[in-house]
Amino acid sequence: MAISFDKGFELHAQGVLLRAERAEVIAGNIANADTPGYKAKGMDFQKAMQQAAQQQQMGMSRTNSKHFDVRTELNNNVDFRIPDQPDTGDGNTVDVQVERNLYLENSLEYQAGVQFLNGKIKALQKVISGGR
Amino acid sequence: MSLFNVFNITGSGMSAQSMRLNTTASNIANADSVSSSIDETYRARHPVFAAAMQKAAAGQEGNAGVQVLGIVESNKPLNIEYAPDHPMADNEGYIYKPNVNVIEEMTNMISASRSYQTNVQLAESAKNMLNKTLLLGQK
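Just so you know, the sequences run in chain order G and V. Heads up, the first sequence is in this note's numbering, so the first residue is 1 and it goes up one at a time. Heads up, the second sequence is in this note's numbering, so the first residue is 133 and it goes up one at a time.
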């Protein structure tokens, strides 16, 4: 049986990539915490992960900037958050405290994912070197 | 690499907030500048923020940074005072003071500096995440 890195790393590789994307979404929310009319966005991580597991990200490659972005995944599961309070006065729905905690959580989970990957790599290295 | 985009986003946040701090400093510094005509009087300045959708134009989903559209002057009425003894008084004895609300500016300053700090912390933790990733697979 050949060693397959894809199988060896399981879903951790995709998980880390999705976490990085989620960090970007949350950073966008926090940067726009004072922008009037900005609506906070969030990522449905469970759905994104399921799609990654089923490898549904088939799409057409864009070779020209005028091409449309055709992908089967829907907006990469990024959607608007439902705000806790109906109106803050300027139409902004970012709750900085919530976003900061989510960012922290996401960053820790990212690091956990990287650590899992590290473990997998070490195991593979051991297999390749025959335990020496 | 989307983690590098976090730096762009937090960077745009930091520059927008520092712009806000700049206008606040200018407003507070000029809060007591007296002038002798309505046209020459300093007016409170505030930046206008908007979400920058550069990535939306590139066909990707828009995780936008923040952008300063411009700086607007407040339309609030000026503080006109009757002070005939004042050296800057006009022919009718009035002096004109800016429409700066110092209390409002102070709270603005605190809000801006907190938002700036939040953006710095985000960049810091994104840096840590990238550092961990760079060390992936090393002993």
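Accuracy of the hints is not assured; some may be wrong.
[Claimed, not checked] A short, non-exhaustive set of chain G residues, derived as facing chain V with CB atoms under 8 Å:
no. : residue
1   : Ala23
2   : Ala27
3   : Asn32
4   : Thr35
5   : Pro36
6   : Phe80
7   : Arg81
8   : Ile82
9   : Val96
10  : Ser107
11  : Tyr110
12  : Gln111
13  : Leu117
14  : Asn118
15  : Ile121
[As the list claims (entries may be wrong)] Where chain G lies over chain V, by a calculated footprint (3+ residues, C-beta under 8 Å):
no. : segment
16  : 142 to 151
17  : 196 to 209
18  : 256 to 269
[Claimed, not checked] Using 27 Å as the maximum straight-line C-alpha spacing, the simulated DSS-like pairs for lysine-lysine come out as follows:
no. : chain 1 : residue 1 : chain 2 : residue 2
19  : G       : Lys126    : V       : Lys264
20  : V       : Lys264    : G       : Lys120
21  : G       : Lys122    : V       : Lys264
22  : G       : Lys39     : G       : Lys122
23  : V       : Lys208    : V       : Lys229
24  : G       : Lys7      : V       : Lys264
25  : G       : Lys122    : V       : Lys208
26  : V       : Lys259    : G       : Lys120
27  : G       : Lys47     : G       : Lys7
28  : G       : Lys47     : V       : Lys264
29  : G       : Lys120    : G       : Lys47
30  : G       : Lys126    : G       : Lys47
31  : G       : Lys7      : G       : Lys120
In short, the hints are calculated from the structure, not lab data. Ideal Cβ placement from N, Cα and C applies to all residues, glycine included.
How the hints compare with the structure:
no., hint, in the structure
1, Ala23, "5 Å, holds"
2, Ala27, "4 Å, holds"
3, Asn32, "5 Å, holds"
4, Thr35, "4 Å, holds"
5, Pro36, "7 Å, holds"
6, Phe80, "12 Å, violated"
7, Arg81, "14 Å, violated"
8, Ile82, "19 Å, violated"
9, Val96, "7 Å, holds"
10, Ser107, "5 Å, holds"
11, Tyr110, "5 Å, holds"
12, Gln111, "5 Å, holds"
13, Leu117, "6 Å, holds"
14, Asn118, "6 Å, holds"
15, Ile121, "4 Å, holds"
16, 142 to 151, "holds (count 5)"
17, 196 to 209, "holds (count 3)"
18, 256 to 269, "holds (count 8)"
19, G:Lys126 x V:Lys264, "21 Å, holds"
20, V:Lys264 x G:Lys120, "15 Å, holds"
21, G:Lys122 x V:Lys264, "15 Å, holds"
22, G:Lys39 x G:Lys122, "43 Å, violated"
23, V:Lys208 x V:Lys229, "12 Å, holds"
24, G:Lys7 x V:Lys264, "22 Å, holds"
25, G:Lys122 x V:Lys208, "66 Å, violated"
26, V:Lys259 x G:Lys120, "23 Å, holds"
27, G:Lys47 x G:Lys7, "21 Å, holds"
28, G:Lys47 x V:Lys264, "26 Å, holds"
29, G:Lys120 x G:Lys47, "25 Å, holds"
30, G:Lys126 x G:Lys47, "34 Å, violated"
31, G:Lys7 x G:Lys120, "10 Å, holds"
The structure fails hints 6, 7, 8, 22, 25, 30 (numbered hints given earlier, in ascending order).
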